[in-house]
Amino acid sequence: MRRQQADGSDSNLELFMNSKNFRRAKWLLEFWLFLFKVVKEIVVVVIVVVIVVVVKVVIVVEVVVVITVMVVVVVVVVVVVVEAVVTVVVLVVVLVVVVVVVVVVVVVVVVVIAVVIVAVVVIVVVIVVIVVAMIVVLVIGVVVIMIVMVVVIVAVVVTVVVIVVVLVVVKVKVVIVVEIVVVIVIVTVVVLVVVVVVVISEVVVVAAAAVVAVVIVVVVVVVVVVVAVVAVE
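Per the UniProt record's numbering, residue 1 is the first one in the sequence shown, and the count goes up by one each step.
FYI, nobody ran anything at the bench for these hints, they're computed from the structure.
Just so we're clear, the structure is a prediction, and the values are computed from it rather than from any experiment.
One or more hints might be untrue.
DSS-like, lysine-lysine: derived pairs with alpha carbons at most 30 Å apart [to be verified]:
(1) K56 to K37
(2) K40 to K56
(3) K26 to K40
(4) K26 to K37
With these hints in hand, go ahead and build the complete structure from the sequences.
Listed below in structure tokens is the structure:
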């Protein structure tokens, strides 16, 4: 009896598996599995393409920011150099004018002494004003450049972190992550080197202008004292 029941169950199972409904259900299951795989592959490809486009846009924006910062730095350097040159020229002109005036009025001792005193006061005041202005410009330029450096560093760090996190989340290859991080780090290092060179050059220019101003003051004072002594004698 049991053997007959088992044989009957096997024959029923075989008939069910060979039936049209079972084959249709099997075909539908295979079709939906294939469709799911295709949709999954399409979604993965779309996500990867979107991530790549976003990364490229971020890199382009970073390059534009770096170029803008470099242009601003170059403009600041040009302004500082022009100001230093103008300052030196003005100081030289003032020195020449004072010396000529002192030599011309040597004939009258009282007038010479009065002109000498006024000239010394005027020159000292002018040089003090110029030096103070140069120091103010130097401080403002250094502060602006330091702020730009901080902004660039923060922007680069945030960009690197966001890119790395996004790429890790979507499981992009490690080589692509490393390449992107290396590009951003190289660009950042170049910008920081340019900024440091600009700061050093600005300090050197202002220091040289200040030294020239001090030398001019010393020369003018010596010339005025000698002329005054000769005139009095």
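What hint numbers does the structure not satisfy? none
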